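Student: Chains as they are written, first to last, in numbering that gives the first Met the number 0: chain A, 0 to 334; chain B, 0 to 528.
These are computed hints drawn from the structure, not numbers from a lab. A quick note: this is a predicted structure, and the numbers were derived from the prediction, not measured. Positions of the beta carbon are idealized from the N, C-alpha and C atoms, including for glycine. Be careful, since some hints might not be right.
Unchecked claim - What follows is a set of in silico ranges between Cβ atoms, one per label pair, in the way DEER data are often shown:
#1 B/Arg-408 with A/Lys-3: 44 to 54 Å
#2 A/Gly-24 with B/Leu-22: 27 to 37 Å
#3 B/Val-104 with A/Lys-208: 40 to 50 Å
#4 B/Ser-476 with A/Leu-21: 27 to 37 Å
#5 A/Glu-105 with B/Asp-484: 23 to 33 Å
#6 A/Pro-257 with B/Thr-242: 37 to 47 Å
#7 B/Ile-502 with A/Pro-257: 23 to 33 Å
Said to hold, decoys possible - Pairs of lysine to any residue, SDA-like flavour, derived with a Cα cap of 25 Å:
#8 B/Lys-202 with A/Lys-208
#9 B/Lys-202 with A/Glu-7
#10 A/Lys-146 with B/Gly-85
#11 A/Lys-279 with B/Trp-364
#12 A/Lys-146 with B/Ala-200
#13 A/Lys-190 with B/Lys-441
#14 B/Lys-211 with A/Ser-13
#15 B/Lys-45 with A/Asn-207
#16 A/Lys-3 with B/Leu-492
#17 A/Lys-3 with B/Lys-45
#18 B/Lys-481 with B/Ser-401
#19 A/Lys-3 with B/Ala-200
#20 A/Lys-10 with B/Gly-487
#21 A/Lys-190 with A/Arg-90
#22 B/Lys-497 with A/Ile-11
#23 A/Lys-10 with B/Phe-213
#24 B/Lys-497 with A/Met-19
#25 A/Lys-10 with B/Leu-18
#26 A/Lys-92 with A/Lys-10
#27 A/Lys-208 with B/His-47
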Amino acid sequence: MIKKIASEILKIISFMLIFMILLSGVSFLCFSEKAVSQLKSGWQDSYNFLSDEPNTLQIVGVGNSDLYSGFSPLDLWKQYGLTSTVCAEPRQKIRDSLELLKLVFETQSPRVVLIETDMLYDRNLKNGNVRNQDDSLEYFMENADPKYFDSFIENLFTVFKFHNIWKSEDHDLKSKLYNTHGYKYNSHTYKLGNTDYMKETDQEEPLNKRNTAQMDDLLDFCKSKNAAAILLAIPSPASWNYARHLAVERYAEERGVPFLDLNLCYREMGLDMQTCFRDKGNHLNYSGTVAATAFLGKYIQENYSLPVHSGDNAYQHWDEDLGKFEALRENEDLD
Amino acid sequence: MIAYNTFSFFLLYFGGTFLLYSLSPKKIKWFVLLLGSFVFYFFTAKGHVISLLICILISWGAGLLIQLLGDTMQRKVKQVPKEEKGKRKKIRDRYGIYKRCVFTVAVVSIVSILLVCKYDDFFVQTVNAIFSTHIKPLSVVHAVGLSFFVLEGISYLADIYFGRIEAKKNPLRIALYLSFMLTVVEGPVAKYAQLGTQLNAGKANTYEDVSKGFLRVIWGIFKKVVIADRAVMLVNTVFDNHTEYGGFTVAAGIAFYTLQLYCEFSGVMDIVCGLGEMMGLQLPENFARPFFAKSIRDFWQRWHITLGVWLRDYVFFGVSFSKGFRKISAKTKNRFRPYYATLIPTLIALFFVWFTNGFWHGAGWKYIVYGLYYYVLMALGMLLEPLFQKLSEKLKIDRQTSKPFALFRQLRTFFIVLIGMLIFRAQDLKTAAQMFRSMITKIDFSVFAAGHEARFGMSLYDHGAIAVGFAVLLLVSILREKGVDVRGKIFALPYYIKVPVYIAALFIVIIFGAYGEGYGAVDMIYANF
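Chain A with its partners taken away, still in its complex shape (with noise of 0.2 Å):
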């Protein structure tokens, strides 16, 4: 009887070595950072900038779905001659972000880092409804997020991080609208309401404990690869509001950091309710995209002095991805 129970034991621990070391062989091997990049030209998302050339990029932005939707390097590039990238994902966590900005530290020396502020009320009630901050309960499952251990484990065997890749074949042509330096292009159109989305208030919607906290980390890295960092949030009437705002304008002030409310100049800088935005007014779609990199760009230029590199060589190929963003843009009905 124990010799059946410790051979039943045995045959348990043996699957699960085997299985062990068959998910840190394929994700060392198949699915780590490197390998992937090397595999993939322009890999999709967040991770594009692995397939950018050292030291090459003057702007990288980290965010959530806001900015991936609202921010295009391509766009920045055909204006002001500039080169970024975008590393977002949806819903993603100010804490990614510092490891996603730490990974492209490793290969380049952005000197500016936008960081995209609606990841400040990640996890704040959906109907607007503010946590008690001094709620210590809640500050504790704040901090208990599973999300963490998900991040940990995925980062121990990449096969988790980077399983998609199967689905960036060349011919697919969405894959390569993906080539955009992390941009995602959308075209869908959802008319909204004339109505003033940033209507004035003197109440702030706090920001929580745990963010904030998370925010200190992340601008603390960029002042010590001495990079300018600048708090964006990107037009959506559906996710933002004057309450927000004046949270994160007193954040900004207490830390130093200039704040870039696109949403507070909507209308200056031309974005119509009726057909610059999608999904019920949460993203901008990709005319809204076009002015708000517009406008971004202009307060780059106009504040940092950033070397405009169009028409080096030693830069083509952005022309080339430019082109081939374009082509595919006014060829295919894609979005």
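Model the placement of chain B on the given structure of chain A, informed by the hints.
Tutor: Just chain B, lined up with the frame of chain A:
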């Protein structure tokens, strides 16, 4: 909420509990489960455990009181000589009333938790709309698993009330039954006799349990992560932008939602039942290949089975055996032909079943209509049954053995279910009606257009993965419908073949799962009910 298909659940909450459970002596196994379940529930509900605690306390206290009253009644009745029937009856009646009072108050209290936490917005909005008032809802936190542990709490009390089980003296035993980590979020809705007894017994798990259970877990993850979480992209695109689409595209959206919901819910059930099996626990089945159903009744006997059983045992029988209802039955017997005399009371009782079914799913009119949609169709079917019988006799169709007729019934049921899914998924009833109209009137073949796959947020490979996933699902379902024990056959393979099979299955799920880059996190649908 901590989803069942996350590393944190598998490795921390379940993994830790499983390891301790397997290693601990029989006597304390139940306590290990309780501890693990409480830690899991505390974190998944983000500390909002009050509703669960109240439900546990009511179930425990009222259960004990009902039991005590029942026992006292028995004792007092025994003390009275058999000849004094009147006195014995009096005692029974008196204690019957006491028991009924306690039972009713307890059930109402438990249901009140549900009404306050889940339906307050709905009630307040309805009142405001009718009386043009501006009452503010309480907006109480909707605790995770509320709709499920409330049903279990009621079933526990009802089973004590009807003498099917005995009340547990230790409140922690009830706590384990109501908060068990594998059933608290999405069910299955288990009775105490089915689940509580097993949990408290501390049965040891075997190698076979672990091996077979693990395979079922992989199968569940496959359904959820490879198929459901991928189909959601097309579903959201079509339903969120429904005015842009019509015809086949809307039909595809509905079909994909049906696939998504089935793979998501049954996938999660496979995960929890598999994990239960790994611990040596048999959780009640919630699905039995529903799309092979030949009638609506058959469908609901195969879809969310435990909810159907609960509604049958505690609503249908509850209504059917009530005093007032028995009077109605007696009246119909005298006034109608035998078929309708039995049918009419059944239909009245079924109304309560389907109303509860719809209302349980969500706080909104569309859910009530969703329940009543099935009720009306089922009622019509039952009322017209004599006509159908005559018709099939005239057309010489053997309804029992004819294969084409069986196929027709299967397709008809599937179509009815699709419309039900449209009501269920659409934002509201108006949207559902609009989508149904545009599906029929608007010609839109764009779903088949070249390069259109990206418009639905899906690449060609996503469509391919769904197609292959669906083919595998269909194959396994057909085999299981024919009685083939697929898991048993894999388990019977020699170890050196079984290991590569398991590992291949795991890698298929890892590589082809719709998670991470390019995919949004998908919540468990039923966990929100």
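Student: For every hint, state whether the structure bears it out.
Tutor: Hint check results:
no. : hint                                 : verdict
1   : B/Arg-408 with A/Lys-3: 44 to 54 Å   : holds (50 Å)
2   : A/Gly-24 with B/Leu-22: 27 to 37 Å   : holds (30 Å)
3   : B/Val-104 with A/Lys-208: 40 to 50 Å : holds (43 Å)
4   : B/Ser-476 with A/Leu-21: 27 to 37 Å  : holds (30 Å)
5   : A/Glu-105 with B/Asp-484: 23 to 33 Å : violated (52 Å)
6   : A/Pro-257 with B/Thr-242: 37 to 47 Å : holds (40 Å)
7   : B/Ile-502 with A/Pro-257: 23 to 33 Å : violated (52 Å)
8   : B/Lys-202 with A/Lys-208             : violated (45 Å)
9   : B/Lys-202 with A/Glu-7               : holds (18 Å)
10  : A/Lys-146 with B/Gly-85              : violated (67 Å)
11  : A/Lys-279 with B/Trp-364             : holds (23 Å)
12  : A/Lys-146 with B/Ala-200             : violated (34 Å)
13  : A/Lys-190 with B/Lys-441             : holds (21 Å)
14  : B/Lys-211 with A/Ser-13              : holds (17 Å)
15  : B/Lys-45 with A/Asn-207              : holds (15 Å)
16  : A/Lys-3 with B/Leu-492               : holds (18 Å)
17  : A/Lys-3 with B/Lys-45                : violated (43 Å)
18  : B/Lys-481 with B/Ser-401             : holds (18 Å)
19  : A/Lys-3 with B/Ala-200               : holds (24 Å)
20  : A/Lys-10 with B/Gly-487              : holds (18 Å)
21  : A/Lys-190 with A/Arg-90              : holds (24 Å)
22  : B/Lys-497 with A/Ile-11              : holds (12 Å)
23  : A/Lys-10 with B/Phe-213              : holds (14 Å)
24  : B/Lys-497 with A/Met-19              : holds (16 Å)
25  : A/Lys-10 with B/Leu-18               : holds (16 Å)
26  : A/Lys-92 with A/Lys-10               : violated (39 Å)
27  : A/Lys-208 with B/His-47              : holds (20 Å)
Comparing the model with each numbered hint stated earlier shows that hints 5, 7, 8, 10, 12, 17 and 26 do not hold.
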